[in-house]
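Residue numbers (the working numbering), protein chains in the order written: chain A, 1 to 188; chain B, 1 to 38; chain C, 1 to 506.
Don't read these hints as lab results, they were simulated from the structure.
It cannot be assumed that every hint is accurate.
[Claimed, not checked] Below, in silico cross-link-like pairs of lysine to any residue (SDA-like), each with a Cα-Cα straight-line distance of 25 Å or less: (1) C:66 to A:179; (2) C:377 to C:408; (3) A:181 to C:19.
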Amino acid sequence: MRKAAALVLLSTLFLLALAGTLSASVAFTPGERVPITDLIENMKKFDGKVVTIQGQVVGDGMVRGAFAWVTVDDDPFSNKSVEEGGALVGMSNISMSVWAPSPDVEPIRYYGGYKNQGDTVRVTGVFHRACPEHGGDTDIHATSFAVLRPGHGIVHSIQYPKLIAVILLSAVIALLWYALKVRRKSAA
Amino acid sequence: MPRKVGKYGFGIVIEVAAVVGISLLALLLMFIVKAIMA
Amino acid sequence: MIFRPTSKDLKLIAWGIGRVILGVGLIMAIPLTVAIASTEWNTVLDFLVGMTACFTFWLITENTCKVDRDLTWFHGLVVASLGWLVAMGFGALPHFLSGHFKSYLDACFDLMSGYTTTGLILIQDLDHASNGLNMWRHLLTYAGGQGIIVIALTFLFAGSAGAFKIYASEGKEEKLLPNVIRTARAIWMISLTYLVIGSTFLFMFLMKDGMAAGRGFLHSVWLFMGAWSTGGFAPMNLNLLYYHSFAIEIITLVIFVIGSFNFALHYAVWTGKRSEIVKNIEVRSFTITMMITTFMLSIGFSKFGVYNSLTEFFRKGFYNLASGHTTTGNSTVYATSFYKEFGFIAMWAIILAMAIGASACSTGGGFKGLRMGIFTKSLWGDIKGLVSPESAVVREKIHHVKDIWIDESLLKGTMLVLISYMVIYGVGGLLGIMYGYSPSVSFFDAVSAGSNTGLSAGLTTPLMPSLLKVYYIFMMWAGRLEFMSVFALFGLGIAIVRGRKVGALR
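Okay, chain A solo, but in the shape it has when bound (with noise of 0.2 Å):
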């Protein structure tokens, strides 16, 4: 009896792991982070599935009554924006739209931007190819939104040697300037 049973749940388990490593590249599992450009490559393998995102919100929280827009990137800039000195990989950004309800959105203190580097947040919820709600818009439906780490304002240092190269065309062109005017005189 007892062989039987043992039998039957190492099968089971054994199956289960067949199961789980034949499918490991087909299916995904939902509450597992979803880089965001596997999305806008398979949006039909994600249509109506729910998906976690997590990323750095841009630009505007733009509250429309209940709910919310954020836009959500989570390229490399993400990490370290171009302002901050982060390297140039060859894109400009990954984003996805998210709609939320608006008491999540609020408590978001920066939005990314040339300023800033925007709040992390995580993000769960339906995501649509083409959103019926939203004329056929593509986003995610949010039924969890979490700010996972808030942002920081970008210091930007003054870069000098752009200084110096002005100071030294203005003096180039002073005496360009007067130059011509000699030209002109003499030439009257």
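Please arrange chains B and C on chain A, whose structure you already have, making use of the hints.
Relative to the frame of chain A, chains B and C by itself:
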């Protein structure tokens, strides 16, 4: 500055109307195609 | 007999270009002001470097190249074509200094894209770009749409006959008014009026849709400029999708379609000739080809099944199709979606619409409605001629502000330009295929560049091969200038190499 462009308020209305007209025509066409293909 | 240009000719051209660069430096004052107001000090430095570089160049040409003669047609053509390239080089300084571009080539690409009101971009990390940089990007399309040359004309050449030759060689031969300076000013007045009204509406709806006032103001001006110029730039990576707003889509749609109309049409309608809006051949041609491509797209959408409701057909289908046909480039979908969510038929409907393009003497690109009209009417005339008695004379006319008879030389000029576009589209598509991109994506982006549209199916990224970047810059430039100025530039090159010295005739 050209003198006669005093009626330009109305010029804008005409041009906007033209765009709206073209858009409505297209909307009608899409509606018909959708209905036929359904 | 080709004569070699003299040093006086070359000096005259250099002087003309110097004036254009002065214009570029002057308009940099606008993004400079925005950067100061936004306390973006490094961006301020970027623009100061750009401006001082431009003024230096101008002063050098003023000092060394001043010649007593006036410009001829030929000089005008060369200044227009070469001037765009030099302006691209200087205009790219603030871009490159911002740090958002991998190379100077990438910065030049975005510059040419802005000036030609294309809208393809290689900028990186756009979501973290400064207000100053965004002001410059969008202003480029606005200024480029008016023609940098028109700007230079308006302010700098007052009174000189050489002015008209540069203006005409930029691809806007419409003589709205006898005096070309007054024409340039009329173009500006129409554009500025729309700027005020369009931005105001955009601002109102952006506020209603939840944007803060300061950002809303900047975005409304930028979105207006991008749409009116049919450039297609937007301040965020998601382009028009960022706003998720039917109202903003409708307003930008109205703006970019009107913006794609011929300036002569605006002038006619605004000064009381209201019937022009329905009689004009380009409006008719646009309406017809818009309906044909809408029909194609609707079938494609219905078969592919991603977009189902009429609203989705309109907001995703019609909007992007119209954006393509007017060669704007504002989009409400991701680049990959043109391939993966639209399906083959709808994607090619957009390619066709882009290729045909907008109106002549406007900010649009492509074959132009006027040429479609001339070609189609001429073909119709030929068909009628085949079935008419041998002795019958069949001539066709078109209505473009006034009635114009189609004669052999008009047709020949039209065909030359049509064929030139098809060649550059074709070469662009084939180059992409050679580099391994799929044919649909390859042709989509190539036609987008050559017609100065700016929609992308994903080929145009900072990682694309450098040769393709260079070819795309060439396509955007040649397409915008409608080839005439480009031919003139090649002519100059040949004349320098093979022309006889004037003295040798004796």
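Hints versus structure:
1. The suggested pairing of residue 66 of chain C with residue 179 of chain A holds, with an alpha-carbon distance near 13 Å, which does not exceed 25 Å.
2. For the suggested pair residue 377 of chain C and residue 408 of chain C, the alpha carbons sit about 13 Å apart, so the restraint of at most 25 Å is met.
3. With a C-alpha separation of about 17 Å, the suggested pair residue 181 of chain A and residue 19 of chain C falls inside the 25 Å cut-off, and the hint holds.
Figure legend: structure checked against the earlier numbered hints; every hint is met.
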